[in-house]
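Engineer: Chain residues, written in single-letter form:
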Amino acid sequence: MTLVIQLIFGLVAALIIGAAMMVVLVRNVIHAALWLIACFFGVGALYLLLQAEFLAVVQVLIYVGAISILILFAIMLTRQVTGEGVRQLVGGWRLWLTVAISALLFAVVIVPTVASQQWNVPPPLGPEGAPEPLAGPAELGRGFVSEFLLQFEVAGVLLTVALIGAIVVAYEERARRRRVLTLAEEHELRKRAAASDQPAGD
Amino acid sequence: MFQITDIPRLLPEILLLVLALLVLGSDIFERWGRTPEAQLERVRSSASLTCIGLGLVFVIALLQSGYVFRLPDDVPANLFTNIIRNLQSGGPAGPTGAETLPPIIGAFATDHLTMIARLALIGAAFLTSLLCLDYRPNAHPAEFYALILFATAGMCLMAGATELVLAYLAVELTSIPLYILAGYFRNDARSAEAGMKYFLFGALSSGILLYGMSLAYGSAASAMAGAVTANDLTQLARIAELAGQGGAGGGVLTLGMLFVIAGVGYKIAVVPFHGWAPDVYQGAPTPITAFISTASKAAGFVLLLRLLVSAFPALAGSAALGPDLGGWTSLLALLALLTLLVGNLAALPQTSAKRLLAWSSVAQAGFMLLALVAWAAPQQFDRDQGVAALLYYLVVYTLTNLGAFGALAAVALAVGGDEIADLNGLARRHLPLAVLLTLCVLSLAGVPPLAGFFAKFYVFMAGWQAGAPWLVVVALATTVVSLYYYLRLLKAIFIEPPAENTPLTTPPGITAAVALAVAGIVVLGLFPNLVLNVFSRVQLVAGL
Amino acid sequence: MTNAIPLEAVLVVAGALFCIGLFGALSRRNMVGILMGVELMLNAVNINLVAFWRYLEPRFITGQTFALFVIAVAAAEAAVGLAMIIAIYRSWQTVNADSVDSLRG
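Protein chains in written order, with the numbering used here: chain Y, 58 to 259; chain D, 1498 to 2041; chain X, 7 to 111.
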């Protein structure tokens, strides 16, 4: 049983890290968004392994169901016709500096600190045969209205502010709103513009 | 647990939120015409509602604090005195007038530090909304002012947060409206770029801050004593208590502290987390620049003070060059050194007055960090003096920067640009504004008898007591360097011939706001004890 | 679960995810790409929080609550950020962070 759990954890961890690497390295930004969805599913699976079932469901609902769809919408609405050839990462020495910072941060700072800490992991409680008393959605709900009440209300205000702000930022008066062209129409427009320029230029 | 008597303690924040909803509602539930006059009336209505509302909230907060007067106990009880008594029982002195109540749900402290910060932040918001009153008309005025109010509420929550979750939520509640406000004038290329840069930097830094908070929570949860209630482990005081028992495990706590300093360091724009500041300050609309550079920075400093003192007191160390060197005081001393050097040196070659003031704001954060370093002093009295010096510097800096940016806004509206060359001959074209701007600049440079001089003096004394004279010497040297670029501004105002000799017209709202700010600087400079008596009531004990 | 996998393993996975997200946020030029890096970092924080909850203090709900708040705020921030990106695209027809970089000095 232990071996099965370790195997599953290894697979989930490989999914998370692998998908994350693809997100930051892939050229096509739509592919990056799809790898991001895979990574979110992996994190949800990890939550299931850690017995935080409610959080796993919330992860899939919000991260995959809302945020990823929002990211894909934003990518679709901001397509650059000639953009696929543009470099997606910073160039030259800046790229290697970033790689060095991230790699050093991981290998030299985070891993030794975390591995060398004396974690006092309590042994599983509960009488023989019975699972340990884990806090679940009931305690979560109770916590939101008692111990985390102020934070809950502030989070509500924050979401309202984000809603108002996003609408204000993206709003366009009806007179200025123009139809978003499809890729084919944009290509057509450019071809026609180039063709009409040619005779005048000769 | 949350009790019904805790609601008056949250009164300023609740009033700010209600005012924001009122401003939004007043715009939605009314039909506005399409003519320019109707649109102007629409802008005026939101702006004046915000200004009057903020003034009222400031007065109520001042009444609640009891700093001006406190209702004596033997006054006959009628409706009016009962209201005031209930109001003041929610203030920092508590119902009896002597002791401070414990934090609400352990998360939000309503002590003197919070009250002073609230008054400073609401005052800054009031002056900002006065500045915005006559600034360029914007597309959605009600949302503009409502976002300012939401951001102010977030900043007040930041100043009082004694728990990790509320601290993070407050930082986000402050930042998200400010991202939108910085990029509000979408058609202006610089404003849109400022908003985008602010957002990207801010999102990155909130991720770093959260990672540090998660490590702090983990090291507290790792202690053998364990939690008592659900929100126990994220309270700052408990983290200090529990993680201190860990013994062989300071590593994760230290790492968490480093990430937290990095995350909050972006908010206060210290080097090396200052990359966003010059571009965002220059690109954003000038009243919003004034707001971001003063109120947001002040709230960030108070949050940093609370986090470091309450959650990581054992890691304080000392900035004195001696056996105790290490800990966050020496880290802050190093950051202060970098900030002073980079901020002042980068301001020297600037040709844009707005960008010059932006770099000078970055440099001023270095002086404020010097006051934080005072926590390394061995005596509690010196530490309290350090906190009082920090608060005094924050208030003076807020007023000064609001005045300076406000004057720049007036000049930009009249002349059309914000280069130093646009300030040429201001004394001949509009003497009152020139005098006000001069006083602000002299206060920033630290010239007596303005408040800026006393602010720097107290901060240097605090740094000296902390045993870091090397840092005080560097700060003095950079003050002399900063005189050069401040005097360049004065030279443009008084000596250079103006481009045209016509008198300038400045909108009354902006002039009023700048005049109020300068009046504050002059009063605080002549009578610093007026506020220092109040600031010394703040008593931060390590681990609380 | 706590017997089979040591806490350090989960924390290392979270740390790796955080560093990959940091790399993505600092080196991608597409603004949406930068935001994706930030989302990876926030997921790493959540894994940290849930792991600490499960291994160290599973009787109380603190870690899960914190993680839930982080998810909510991440959603709000993503909404605002993507709205800004779309607004910039409408005016400048680009989402390359280098092209929107006129302020200098």
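Some clues are possibly wrong.
The calculated label-pair distances, taken between Cβ atoms and stated as ranges, are [said to hold, decoys possible]:
| no. | chain 1 | residue 1 | chain 2 | residue 2 | range |
| --- | --- | --- | --- | --- | --- |
| 1 | Y | 157 | D | 1918 | 41 to 47 Å |
| 2 | Y | 91 | D | 1769 | 30 to 36 Å |
| 3 | D | 1686 | Y | 166 | 36 to 42 Å |
| 4 | X | 105 | Y | 105 | 39 to 45 Å |
| 5 | D | 1932 | Y | 220 | 33 to 39 Å |
| 6 | D | 1928 | Y | 151 | 47 to 53 Å |
| 7 | Y | 224 | X | 105 | 22 to 28 Å |
| 8 | D | 1538 | Y | 105 | 29 to 35 Å |
| 9 | Y | 247 | D | 1538 | 17 to 23 Å |
| 10 | D | 1580 | Y | 165 | 22 to 28 Å |
| 11 | Y | 157 | D | 1565 | 40 to 46 Å |
To give a feel for the contact side, a few chain Y residues facing chain D, derived at Cβ under 7 Å [to be verified]:
| no. | residue |
| --- | --- |
| 12 | 200 |
| 13 | 218 |
| 14 | 219 |
| 15 | 220 |
| 16 | 221 |
| 17 | 225 |
| 18 | 227 |
Because the hints were derived from the structure by calculation, they are not lab data. For each residue, glycine too, the CB sits at the ideal point set by N, CA and C.
Engineer: Now look at each hint and say whether the structure bears it out.
Structural biologist: Results of checking the hints against the structure:
1. The hinted range of 41 to 47 Å is satisfied by residue 157(Y) and residue 1918(D), whose Cβ atoms lie roughly 43 Å apart.
2. A hinted range of 30 to 36 Å for the beta carbons of residue 91(Y) and residue 1769(D) is consistent with their spacing of about 35 Å.
3. Checked against the hint of 36 to 42 Å, the C-beta distance between residue 1686(D) and residue 166(Y) comes to roughly 39 Å, which is consistent with it.
4. With their beta carbons about 42 Å apart, residue 105(X) and residue 105(Y) fall inside the hinted range of 39 to 45 Å.
5. Distance hint check for residue 1932(D) and residue 220(Y): the Cβ-Cβ separation is about 45 Å, which falls outside the suggested range of 33 to 39 Å.
6. At about 49 Å, the CB distance of residue 1928(D) to residue 151(Y) agrees with the hint of 47 to 53 Å.
7. One distance hint, 22 to 28 Å for the beta-carbon pair residue 224(Y) and residue 105(X), holds here, with the actual separation near 26 Å.
8. In this structure the supplied range 29 to 35 Å is violated for residue 1538(D) paired with residue 105(Y), their Cβ-Cβ distance being about 57 Å.
9. Checked against the hint of 17 to 23 Å, the C-beta distance between residue 247(Y) and residue 1538(D) comes to roughly 45 Å, which is inconsistent with it.
10. Between residue 1580(D) and residue 165(Y) the Cβ separation comes to about 60 Å, which falls outside the hinted range of 22 to 28 Å.
11. For the pair residue 157(Y) and residue 1565(D), the supplied restraint of 40 to 46 Å is violated, since their beta-carbon distance comes to about 56 Å.
12. Because the smallest distance between the Cβ of residue 200(Y) and any Cβ of chain D comes to about 5 Å, under 7 Å, the interface hint for this residue holds.
13. Checking residue 218(Y) against chain D: minimum C-beta separation of about 5 Å stays under 7 Å; hint holds.
14. At its closest, the beta carbon of residue 219(Y) sits 6 Å from a beta carbon of chain D; the interface hint therefore holds under the 7 Å criterion.
15. Because the beta carbon of residue 220(Y) sits about 11 Å from the nearest beta carbon in chain D, more than 7 Å, this interface hint is broken.
16. With a least beta-carbon distance of about 6 Å to chain D, the hint placing residue 221(Y) at the interface is held under the 7 Å criterion.
17. Taken as an interface hint, residue 225(Y) checks out: its beta carbon lies about 5 Å from the nearest beta carbon of chain D, inside 7 Å.
18. Below 7 Å, beta-carbon pairs count as interface contacts, and residue 227(Y) has none with chain D, the closest being about 10 Å; its hint is therefore violated.
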